[in-house]
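Join the two chains into one complex using the hints; note that each chain is given alone, in its own frame.
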Amino acid sequence: MSFYIVQFLTGLASAASLFLVASGLSIIFGVTRIVNFAHGAFYMLGAYVAFTLTERLSGTLGFWGGIVGAALIVALIGVIVEMVLLRRIYRSPELFQLLATFGLTLMVEDLVVLIWGPDDLLGRRAPGLRGAIDFFGQAVPTYDILLIVLGPVVLGLLWLLFRRTRWGVLVRAATQDRDMVAALGVNQKWLFTSVFALGVFLAALGGALQIPRDAVNHTMDLRIIVDVFVVVVIGGLGSITGAFVAAVLVSELNAFGILIFPKISIILVFLVMAVVLVVRPWGLFGKPEAAARQTPGLSVRPWRPLSSNERLAFIGALIIAAALPLLGSNYALIVGAEIAIFVIFAASLHFLMSVGGLASFGHAAYFGLGTYGVAFLAKFLGLPMIVCLLIGPLLGLLGAMLFGWFAVQLSGVYFAMLTLAFAQIVWSIAFQWVEVTGGDNGILGVWPAAFVATPARFYWLALFVTALSVIVLRVLVFSPFGYSLRATRDSALRSEAIGLNSKRIQWTAFVIAGTFAGIAGALFAYLKGSVFPDNAGIALSVDSLVMVLLGGVETVSGAVIGAIVYKALSIWLVSYTELSKLVLGGMIVLIVVAFPKGIAGTFGNLVDSGRLPFFKRALPRASQAEGAE
Amino acid sequence: MKLSVSALNSYYGPAHILFDVGLEVDAGEVVALLGRNGAGKSTTFRSIVGLVARRDGQIVFEGTDVSKSPTHAIVRGGLGYVPEERRIFTDLTVEENLEVGRQPARPGAPQWSKDKLFTLFPNLAEMRNRPGGRMSGGEQQMLTIARTLMGNPSLVLLDEPSEGLSPKIVEQMAHAILTMKKEGLSILVSEQNLHFARLISDRTYIIERGRICYSGTMTELESRPDIRDAHLAV
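Protein chains in written order, with my numbering: chain A, 819 to 1447; chain B, 504 to 737.
These are computed hints drawn from the structure, not numbers from a lab.
A few of these clues could be false.
[Claimed, not checked] Under the rule of at most 20 angstroms between Cα atoms (straight-line distance), these lysine to aspartate or glutamate pairs were calculated in the EDC-like manner:
{"#": "1", "chain 1": "B", "residue 1": "K685", "chain 2": "B", "residue 2": "D705"}
{"#": "2", "chain 1": "B", "residue 1": "K685", "chain 2": "B", "residue 2": "D523"}
{"#": "3", "chain 1": "B", "residue 1": "K571", "chain 2": "A", "residue 2": "D938"}
{"#": "4", "chain 1": "B", "residue 1": "K684", "chain 2": "B", "residue 2": "D594"}
{"#": "5", "chain 1": "A", "residue 1": "K1105", "chain 2": "B", "residue 2": "D594"}
{"#": "6", "chain 1": "A", "residue 1": "K1415", "chain 2": "A", "residue 2": "D1352"}
[Stated by the list, open to error] Take a look, some chain A residues computed to stay more than 12 angstroms from chain B by CB distance:
{"#": "7", "residue": "Y822"}
{"#": "8", "residue": "I963"}
{"#": "9", "residue": "Q1006"}
Source: prediction; values computed, not measured.
Just so you know, even glycine gets a beta-carbon here, dropped at the ideal spot from N, CA and C.
For reference, chain B alone in the conformation it holds in the complex (with noise of 0.2 angstroms):
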């Protein structure tokens, strides 16, 4: 198992977020988490990296428990995140962005150079020296992807990849994720757009109101239509 996460809880403040929330990532799988707005997606992810102040529960990543660990020593160990809101380093140019999360090679992990990425979102080689600022979306999108496989890590936390994109850019997002499937990469992405994560993913959980409320594979959920519209905005 990549990433074992069990009884995991979270608050801000004395608010109780998430409720024993417990998922699974295997060796190269996509795994999506799916949920509606405020769900606890992306409390999820932010509690997987350590980014919540108070959390308890088990969190397994590679055989080691990382729930005490901080977010550089998690990050460093090879778990991958890409925040839902960019958080694009503005000033900085795309390359600078890049060279803020490279980070050196791991065994058995894919391996990720500036050029290889570049060929991966064609759009930011054309822009190397422009500032993170002056991008729009869909290519800070892309940039915050590939400024986290600079780290080379063997599993990436994607935080709704397709948000606010537009469809033909949502394609190529679809696309660029496959491939980081292809190279071996393990992927666990949060999603509100059903079809986005049908394209790209095998399994997948339900979050609702902080709590885990279904899993299963993407053909088991496609055959439960009441799930679908019980836990789902369509």
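So here's chain A without its partners, still in its complex pose (with noise of 0.2 angstroms):
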């Protein structure tokens, strides 16, 4: 018994950094509107930036004032961001917000390597509590009876603050409605300022508070995102108190999960999740959200088939990617192959988002899932490749049908939160079930067939499924599947008022972008002949945003074009480059800021300005107005 109340002591404890990260992405989101993805970056600087303010001051005097101005550190950081960056982005849709703040995450993570090396840093103990309090028999650290109750009283000043202060009331009447606020004559921007440099107080001080508990490294930010964003989801966005019940459930469900499913714990949290979102969607605490804001996708530019000279232009593309084994040598081919593989992951996402309007921030779980379907078939039933290929990606179609069913009850920040949990979640499996995915070591020896064992004829295959399944998702897009798409993107209400089931349109969206992320994971463990988890990574969930991004959110073809370009780009940086992370992340902030339309977006303004004269083409004059008031 008494094992089982020191379990829950430690989940409390736990709950502790998790609910003020938490918290501060709810009280900054509240205000801003910003999810503020670089939130866990920020948790990771307190924690080192403490660890090395504590090691330099000495006393217990010194280790306190080490954490709490470590936190003030990072939240000084957090002002010059928001000042920078953030002001630059409000008006933004989410999804480049999101994308914008995440760029930031990786800057920092190379940054972090840069500053204090690649190693794990053990910190300083709590003076006068490294101890541990005997109870029932076992113990109990000291410095976790000190978190737990630390949690309670944050979560109590926060709500004085809110309540009792003038600061607080402002705050309050602008998470609801910050226009009138500014129209009452206070300034929003420093209102602004100081709810992100609140916010990111608590995540530096949720960082800092876990030197004496855990080894600070430079993957803890994405690891605490994840679990914030859980906590955001099930608590509602936007409540504190929301975000201290959920951090503790998680957390004590992550404490007692280790106990009930040692392998694969996380799947405890997520059917908790799932529920509340089925009972509750706009979480426990929160409150229904008003209409999602515009996603990207609206286009001034009207989307339209393409004309005949576009299509020579495609066939004789085409026909040139198809020349490159004549030339080029294995390497270049085998790289050829892996830009056509990502180009068919970006252009399935690319369906979902632009046509769809649900910008999933975990597409590579799809993608990893297909790998994952391929590996399994080929290795445990020895099935021949074109078998493989054919019925691998249907794990993918199967993940995307059951995550998807989950993620189109939500819209916009919401559903990237879940997209991304859930992709975790398939990491996670990878990750951790050793037995049958082999955990970190992989599934090896997932070779192609004889037929197409040399690079230039599994290059020829790979281009000719991508230009199969690209031409597939474009019919797709102008079909009346395709319309009905649009329209439930552009406004789900007047679709849902004309007979369209909007809810079943999204999930078959998402299942169809699902199953060709699939296929395009088939095609890639055979490139790679190996399968690991990081096929289902962050990483790849967000190079294929960036991709569609650099590409021209708002055009048909821009995922291809993306993709081609971003792919060619990141596999020649990383030969370059130590600090991919921090160009790459760089790039994003300059896209989303500088370029937000794309290659092909810009692209298209050049042709309507009359200065490709080939691409011309008759314009609808739309009209635009939207009436006065």
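Structural data, given as structure tokens:
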């Protein structure tokens, strides 16, 4: 019995940091409407800075001064980030905000390694709290007791701050209607900056408080952000009480889940999250969101099928691509096949995101499932390659059916957070269920059949499947289903009113996108000859988002162009610099701030301005009047 | 001149909404902006306080051109705005709603305290701790005016204060506006209800399809039934 109580107390202690970070995220979202992906990075920075400060400062005062000092320093960094970056994107679509803050996370990861090195750092223990209390024969660290008390104390302080101070009243008012607050003479800029500073302070404090418990390392940002997303989805974004209750719930589920399903403890959290979402899609303490803001996809330039000249250009490009084996080396062919595979992957996300208006942050899940689908069939059942390629992607389809059903119940940032959490679950299963997936060692020896065993032949196979996939997806865009999907994207309410079942249409789109991602994954498994958990990792999910964004999220063909340019660039980048994340993160931020239309969008603008006559077409004159009030 | 607007043009996206709107409000005056639904009354107000994304023209308030200033700076200068949709903070109590509007006292403008406003709107005094979301439309309308007065403005833009209110509350509202005038406040009020406008205002402008098409004193308008019938719903 006492063992379970101790386990419960450990869960409560873990909840403290989780609550600090999640409440910070919630407060920032409440006022600025930005889901700050970089919150995990601030948490991690808090831990690193606290590590350095507590090493330098001595004594009890030095330790606690170092913890609080670290949170303050990181909050100051947050203020700079808010003023330089976020102020430029407050009016941008949600997807761009998530991506920009994710880009920031990538940059911080490389900077942290640059400053503190890649190894785990063991922080100082808290002076006076090094011991443990004997609890019915079980030891409970005194530091854990402190954390258990700290959680409710911070909750109470935040409550007082928001109920009893003018600043708090202004923040609550701005959470509801920020324009009205400005119309009453309050300078929103500083309100936003101060709110962001508070949120970052809480995240950094959460990180700093972890150093006596856990090693500090450069992957802790993504670990916490996934947990935090789960917490705010369960608790309700914008609710501090919700963040507290959900943080306790998730921590306890983790603490006891280990006892029940030692290998795949994350399943328990997932089940609870699924139940909450079905019963209360906006979380336990959240409020139903008003209609989601504009998702990207509402293009001023209407979409239309390719003109005959453009078809010629497409076929020409395909012929040139098919001729690559005549001139390229084997290495070029392998790179070429990889790029082709990523074209399918990006196009499948594009279908969900640009056509369906559903920006998934976990699209790699279905790519990863495709790779494992092939690997299981090939290794366990010994099926031939063609059969594996045909059946393997079905695992992606099944995953998309299951996760997609839950995901389409939500929209906007909730959708993004949920898809990310699902992808992380797929990754965790692949990573933890060693008996089946081989864990981190993966599944090796998934080799293509003899008839495509040469690089040139495999390249042609990949190119053929890619061309076929892109054509099918494109035909779908201009099919009746595509029109319905675009209708639900542009106005869920109006499409319901004309008899479209928008949830079912979005679910179908999710499954289609997941299946094509699975096809890409299946090919990828054969290209690499092996399968690893990272095939479903966050990095890959973000790669796909950046590809679509770089190509142009508002265009039909952006994904194809974006995938080619991005993949070629990143393969080249990885071979030339150690700091690929820094460069990539910087590039993402730059695209969002300076170049949001992407390559194809910019190209389209050139066509419209008449500078590229070959692609000229008659434009239907869209009248844009929104009407007076 | 308290407020002088000239050659004001506003746009929503590519749509041109206001065309060379010009109007003036003198110190201590109540001026009515009359017009049908969709004529551009609200847009005129929103343009004056800078809540419309794209506008150009001159907006001179107390001798300063504020047409390039951000909303909060315009309001801080003493130009209060009461939106048509009321936009009460529903999660906040009556007192907290008033707190959001609070600004330092301003020389030359009437000063308001919570207690003084509770005298002006006695209904609010009885529900100081009630959340804004659990108030009737009339009570919300009073709260939204009181909230703006907490900023001690020298001029307020009142967007359709009588809209959707019961006749009894409309009467109270007219009384409150006349008290505000007596305190020395300048008021620009938009209305569709001619009877209500007649009760409270000195002068009037009529706006139609984004253009000012008539201006004169209230008495002059009384003697022109043709204008009234052509531009206002009766």
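Hint consistency between B:K685 and B:D523 [alpha-carbon to alpha-carbon, up to 20 angstroms]
32 angstroms, violated
Within 20 angstroms, alpha carbon to alpha carbon, are A:K1105 and B:D594?
11 angstroms, holds
Taking 20 angstroms as the top limit, are the C-alpha atoms of B:K685 and B:D705 close enough?
13 angstroms, holds
Determine whether the non-interface label on A:Y822 survives the test: each CB of chain B must be over 12 angstroms from its CB.
At about 39 angstroms from chain B, A:Y822 clears the 12 angstroms cut-off, so the statement holds.
Distance restraint between A:K1415 and A:D1352, which requires alpha-carbon spacing of 20 angstroms or less:
Violated: A:K1415 and A:D1352 sit about 29 angstroms apart, past 20 angstroms.
Can we trust that A:Q1006 is non-interface, i.e. its beta-carbon lies farther than 12 angstroms from all of chain B?
A:Q1006 is in fact no farther than 12 angstroms from some Cβ atom of chain B, at 7 angstroms.
Measure nothing beyond the straight line between the CA atoms of B:K571 and A:D938; if it is 20 angstroms or shorter, mark the hint as holding.
Violated, at about 53 angstroms.
Please check whether the beta-carbon of A:I963 is more than 12 angstroms away from every beta-carbon in chain B.
35 angstroms, holds
B:K684 and B:D594: Cα distance at most 20 angstroms?
Judged against 20 angstroms, a Cα distance of about 31 angstroms means the pair is violated.
Hint check: violations occur at hints 2, 3, 4, 6, 9; the rest are consistent with the structure.
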